[in-house]
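> In case you want the letters, here they are:
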Amino acid sequence: GAGVSQSPSNKVTEKGKDVELRCDPISGHTALYWYRQRLGQGLEFLIYFQGNSAPDKSGLPSDRFSAERTGESVSTLTIQRTQQEDSAVYLCASSRGGGITQYFGPGTRLLVL
Amino acid sequence: DAKTTQPTSMDCAEGRAANLPCNHSTISGNEYVYWYRQIHSQGPQYIIHGLKNNETNEMASLIITEDRKSSTLILPHATLRDTAVYYCIVISNTGNQFYFGTGTSLTVIP
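These protein sequence lines are chains A and B, in that order. If you're matching positions, the first sequence starts at 1 in my numbering and goes up one per residue. If you're matching positions, the second sequence starts at 1 in my numbering and goes up one per residue.
Chain B extracted, bound-state conformation (with noise of 0.2 Å):
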């Protein structure tokens, strides 16, 4: 399975849009691109996944580059209950494991 790149850790401020970066330049034509949450002292919690067209859903835009060597994880209007880790996670359709890395601390401020 490709890995994956983030920062270690971004703020934002409360009410503005926070935009999780992921660099995959190794994923191959299979591989879907997963993102994942865990506030703390919490399991982590399912975000969004895609393919290859940008998605969205009610928690999160997923933004994929045409050629899929990076994404962007976009919060549209960040809460103090956005702060947590976010992990980004490439994986293909036939994989069984999902291999976290330690993720973008995501610090949001009032």
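Just chain A, same shape as in the assembly (with noise of 0.2 Å):
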């Protein structure tokens, strides 16, 4: 079936603008995740969610982002209030189960200025 896709593929917004980063992975798979990567840099673990467990926010860098989850679907990445520092690229991956292989995204491409 079809991969993980992203929405939007690119976004520009102003410094203080909330902004939310839409993610669709692949069906039946229960484990999603959220990773940034900065320019030049390596990814960087935010947020996963298996199944109806309690989703694991442990490397969500401050309180103006979150993420949601519909069941195993579609996930919502939030960033309020955003700053210069959170441009990055936000990738999703998905997998069948925690902790075994992963598919990416594409990722979402946001520019604060």
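Calculated directly from the structure, the hints in this document are not laboratory data. There may be inaccurate statements among the hints.
Non-contacting residues of chain A with respect to chain B, defined by C-beta distances greater than 10 Å in every case (computed) [stated by the list, open to error]:
(1) Gln83
(2) Arg96
(3) Leu113
Some chain B residues judged to face chain A by a derived CB distance under 7 Å, without partners named [what the hints assert, rightly or not]:
(4) Gly43
(5) Tyr46
(6) Gly101
Every residue, glycine too, gets a C-beta built ideally from N, C-alpha and C.
With the hints as a guide, dock the two chains, each given alone in a separate frame, to form the complex.
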């Protein structure tokens, strides 16, 4: 079936505005992850959803960041009061379960002016 | 989860085998070795993974040392499209996070 999709592919916003990033995982994948990748750097874990369990939010950098997931489908990452240091590529991945092969989406490139 | 060490960058001639090393000296018995790659401006792509035995698929081979403290990803005939950053990650089968380091930037040279 289709792979992981993310929208928008690119987002330019002004400092202080809120943004919402969307992830559609592969159908049937119970686990969903969000990562952040700053320019020239490796991936930074943000949050992990697994089925109906409480999400692992240990990677969220501040309380301006939050994420939701509807059942085992779509997830939304919200960044409130964006700052310039939030500029990065935000990647979503899904897998059939925790700790096994993850399949990544193309990412959303966020630029905060 | 165990951490990994990889060289920052490597070059490989087109058509030759690319051998990418990874050290994971603190790996524990239930941790797998995963390899992903990221081509510029794209999301990471799964390549291969293994526990103890060497593994091969259509993309690459994975050689894991007997003590499991290091591994090598082999691209048997590198092409220009293999130019990417290659990430080596170790994670247990109960782990829920993949910790990506900065990886090895492989450049395939014509």
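> Work down the list of hints and note, for each, if the structure agrees.
Now for the hints, and whether the structure bears them out:
The claim that Gln83 (chain A) lies off the interface holds: its Cβ sits roughly 23 Å from the closest Cβ of chain B, which is beyond the 10 Å cut-off. Its beta-carbon lying about 12 Å from the closest one in chain B, Arg96 (chain A) satisfies the requirement of being farther than 10 Å from that chain. At roughly 20 Å, the least C-beta separation between Leu113 (chain A) and chain B is larger than 10 Å, which holds for a residue marked as non-interface. A distance limit of 7 Å between C-beta atoms decides the matter here; for Gly43 (chain B) the minimum to chain A is near 3 Å, and the interface restraint holds.
Because the closest C-beta pair between Tyr46 (chain B) and chain A is about 5 Å apart, less than 7 Å, the hint holds. Satisfaction of the interface hint for Gly101 (chain B) is found here, the shortest Cβ-Cβ separation to chain A being roughly 5 Å, below the 7 Å cut-off.
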